[in-house]
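Trainee: First to last, the protein sequences are chains A and B.
Under my numbering, the first residue of the first sequence carries the number 902, and numbering increases by one thereafter.
Under my numbering, the first residue of the second sequence carries the number 3, and numbering increases by one thereafter.
To be clear, the hints were calculated from the coordinates, so they are not data collected in a lab.
Where a beta carbon is used, it is the ideal one built from N, C-alpha and C, also for glycine.
Do not take every clue at face value.
Unchecked claim - List of simulated lysine to aspartate or glutamate pairs, DMTMM-like, C-alpha gap at most 25 Å: (1) B:Lys214 x A:Asp1753; (2) B:Lys131 x B:Glu60; (3) B:Lys214 x A:Glu1080; (4) B:Lys30 x A:Asp1222; (5) B:Lys131 x A:Asp1220; (6) A:Lys1067 x A:Glu1080; (7) A:Lys1067 x B:Glu207; (8) A:Lys1435 x A:Asp1060; (9) B:Lys208 x A:Glu1066.
Unchecked claim - Computed from the model, here is a short list of chain A residues facing chain B with C-beta under 8 Å: (10) Arg1009; (11) Ser1010; (12) Leu1210.
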Amino acid sequence: MGIAKKLDAIKNNIPHYWPIGSFIHHNPLKGFEHLSFRDGVNKAKKIYGGKVYMEPSYYLKFYNEGKISHDILEENLKKILEVDGLEEYYDLAMKCLIEVNPQWNHLRSCADSKDHEVDEDLIAYLDDQFSYHNKERWLKQITKHMTLYEINDILFYRDDKEVIEKSIIEYISRFLDEEQTTISMPNREFGMFETFKLYEDFEYAYDSTTFVEEALEKLHVKNKERYLLTHILKLHGWAGFIKYRSEDPEYYSQQKYPSSLMDYMAIRLYYELAYLQHRKINNFDLLHDYSLENAAFVILKMIKFKYNLPGKYIDAMEDSDNYEDILERYVQEELHLDAKQVHLSSDILKNSDIPLVELAKIMEVLREEEGYIWMKSLEDTYIQSFINEMDLGEAPQQERALASATLCLDVRSETMRRAIESSGNYTTYGAGGFLGFPIAFVEFDKAHEQILCPAVLTPGNIVFELAVESDEEYKAKKTINKTTKKVISDLKNNPYTPYIMVEAIGWIFGINLFGKTFLPQKTNKFFSNFKAKKPKTTYTMDKLSNEEIEMYVNKLHIHIISEALLSNSSKKYSTKDIQAIRDHLILDGNLSVEVPSELLTKLKENYNISVDDYKFQKQKLSKVGFTLEEKVEYLYNYLTMIGQVDNFPEFVILSGHMSVSDNNPFESALDCGACGGSSSLPNNRALCMIGNSQDVREEIAKKGIIIPDDVKFMPTLHITSTDEIEFYDTDILNYKEKQRFSIVMKEFKKASSIARCERIKQLPYTNNENDIMIKSMDWSETRPEWGLAGNMGVFAGPRESIKHMSFGNRLFLHSYDHKLDNENSDILTRIFNGPLVVGEWINLEHYFSTVDNTIYGAGSKVYHNVVSKIGVFNGNYSDLKIGLPTQSVLLEGEAYHEPIRLLTYMEAPLETVGKAVENSVAKEFILNEWIRPIIIDKKAKKVYSYEYGDFKIIKEF
Amino acid sequence: MITDNIVFLNIVFLLLSGGVPYFILLEKSDSFSAKSIFIVSGFLLLTGVIISFFTDREYMTSFVLVSFFTALYSIYRATQTTNFYKLGYYFIFMNAPFFILFEEHGAFYSLSLLVSLLGIYAIASFYEKHYGSANYLYVRGITLATPLIGIHITVYLITIGLYPPLPNSLFFLTHIFNSEANALWLVIVITLYAGNFLVSMRVLEKSIFGKKNPNIHYVDLNFKEKITHFTIIVSLVLLSIYGVKEILTWA
């Protein structure tokens, strides 16, 4: 197998890392989803070394509080014991789980104070288990996932790792920079490894693949695949980002400055070789020989490095070089401690029947399985109480509501939906924030497009936001702000001016500094006066004709050519000349005007005025807007997906959502996950425009959905950090409708207040509604809202079944009526393909960031600095931080988020769900139990749970 | 006669302050543990400090040079150990040139050093009692597990590391303000300042930070130990006040 294939084989072990600007929640163990959850997390544990379940004491607390049912725990324990062939030891195992395992480490630390006759058989068993007297095996285990330079550092008091990792981070952060630095790295267009050669003045004629192969040969690496993985794991955040961009052909920076994991590997190995060349041990064969000759020394050093060598042995190593003796003393003490742990456990269990070796084996199995047993029991207890509480009868017919509101299925909408329902005659629905309506959106006055749909989908339509009223004032303010920023930036970046600047205008920044710190609300209001306010806008909803497309492409090219000629030529060209140049470059027309050939080449190469670009622009513009069929299709799909096909209220409100906070690089993690970490307002607004279109209503009526003329689709925006609701496009309403709608606006305002009051109890250091408002604008606030923390499940079904239940913002709610689904379960499949995938990513990102924030999370926000505008790292250099910060999942060091798998409740017949699973992209993770599917089949009057690869009836009614 | 007296006193102070690396011999002897070397060298330094209060001093360059080489070797040895006892007496030997060079200010500097080392000694015995050895590498994560001990270690180490306004740095500054610099003075002051600072910071980083060790049952200070540390810190504060007074007198 070639080196490229070897790298391909292991790269799935690292998760994708999306740039933080559009933070996309993801399962950090996505590469393990082909395995069952239990096997996957165990394999990941071996590779990453992090925890995959909470500590037993965490679950024990829940058990003692009654949050984990004893009967369910019993059932789950029996099942696991049955699988492992240990069912006869049930009583002992239960006692072990509750009384011994939570204090297992403590038993070890106090073991030496208890006196026991140590069982010799037990010592022999433990010795074999831990390979204490098989030095070669022990060495192999202890140096697993370590690079040669790390081993060298440990053995010979070097500090190469620090320098190597720093050099790598310095280079890649500059290469991958997305305009954070003022002086960019030159020549990046050559690619990551080629630029590196120039950066290091390294003369090498071949590509990164060849270099990696040669480097591994020089290092005498036996298992190349594993060694590449070892290198990837050193900085897996950066590796994840490079992997992501190299696999996304649409990623702009990747197109401009190509990079690949192989390039990254070559850079790592270059530094490793460079630093090892003068070291005594510079290849694995030499290391092997040295380790065999000095096995005791090497093992002791490794244990010391991993902080597992007790102080007295470190002292002994300082005083003597009789390492064999020191190691033997260490081994004997460890063995006795291990044995005494078992002895003490046996005492607690009052065991006199089972031999200690047997007991040690049982306890070992239990320690491996206990995390899963506890977690599943917690999940099952939640499932049981949900099923017992939900309404299993048929929903009654509803009277016509004044308004219906569709909010994102996001957990943060749950409180809001209850608040709206309790405020008046309203019905609510839930759907993925993008509403099954994927678009690429170009905001007013912005040049780039945002992809507003789950990362697994690709939008086929582009929507532009255009001003419908004069934008003079906006432009004037924008120009002033831009100029001010530019001047300040120039003054800051000039080598001389900062000294003068601080003296002269430094105090101005003090207003912002003190204002934001002591009076955040007033300061925010004051500075908002200076911000350019966006004029009223509309969206481009209709397709462009071929003539219009030609015209726009022509305009774009003319504009670029004019700018280019201005800065590259002293000669003045008329509009006619410019048109001729353009036609010559694109359409190969005759060039009547005299233009130097270098300038023409520059226009082609540097300004991209070429046939390829012409085709590209035409193809892009052909995606603008929607055909009537597309509009009807999207609206029909949306309405049937949520089950709103008749009894339309006067106002059909579609609400997008976003979060507002200050000084928060993770802000987009709080925006709509189903819209790729952006605001979902554009999808909702565009669909409202479609819903209000007469043509669309006429066409959709032919498909059986009759929307009365008095029904208006209205877009709103739910600000999740403050629970405020903003209303858009109210000018489409006539006087009478406006009067009716003002009632809705008033009552929604009341609902906002109700939701905020409920959230006060959840957020720390929050006593009133104003505190919630301040959190969204306080620049020192590390937790502006809880976001998606606490998420535990998703319900897909009619609202009526669970309307009476309160979930404290912990449940994703997706409306679904299986009666509207076809025999292929297309609607449910769409829900699985979009919202469920996003839900699983969100859930598992929170799960792993909670169980081990060091490995899978981002650590504390307090130490974060934004790097290269793509993410954050700690201090001035570290790995790129993947996952969520501690402030998003922990509260004062304790888990706020409860790490369990997504409890996926689906109210539909079993066959419908089965077909949807079969057709869905989510099939792998559903069947491998990375979520917990629960099917409420009202027709069969049964509730099923999918576990251990089978459907199990958990309730009949 | 006067010269003989000066030479004799310099020899006495050189030995008492740790200007010669006698710890090398003691370390090789089986009868001396790191703890006893710490006690012996500390006691000798204390004797030197007491004697110096009653005698007029004048340093001789050759003796300063001897103690400087001892200090350099001690710095090297201090970077090789992770045991608080050993570290304690290496600090004594590292600071011997200051005792000799600073003349009358040297006594107060060394007294202040001794008080901070008393703190280190108390911490070392605590570690020995509860964790089996005064080695700090294994007992990491002190700040998270027992923050009070972490604070005490920090105070003692930053005192030794010459952080103002702790007393060592104040006596150090008083001497700087009151003396005339020459090449030897500059080399010694700069090297030992950096030595004290860097060794202290290195130990601080390795001893109090990091994750908790799951194999350790962390124990916090009992009432008696808290009183001991409180007394040491009060002594440091009193010395600081005296140090400030000395600086103000100079000003």
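Trainee: Each hint: holds or not?
Mentor: Hints and how they fare:
no.: 1; hint: B:Lys214 x A:Asp1753; result: 14 Å, holds
no.: 2; hint: B:Lys131 x B:Glu60; result: 43 Å, violated
no.: 3; hint: B:Lys214 x A:Glu1080; result: 39 Å, violated
no.: 4; hint: B:Lys30 x A:Asp1222; result: 13 Å, holds
no.: 5; hint: B:Lys131 x A:Asp1220; result: 20 Å, holds
no.: 6; hint: A:Lys1067 x A:Glu1080; result: 21 Å, holds
no.: 7; hint: A:Lys1067 x B:Glu207; result: 19 Å, holds
no.: 8; hint: A:Lys1435 x A:Asp1060; result: 54 Å, violated
no.: 9; hint: B:Lys208 x A:Glu1066; result: 20 Å, holds
no.: 10; hint: Arg1009; result: 6 Å, holds
no.: 11; hint: Ser1010; result: 3 Å, holds
no.: 12; hint: Leu1210; result: 6 Å, holds
In this structure, the hints that do not hold are numbers 2, 3 and 8, in rising order.
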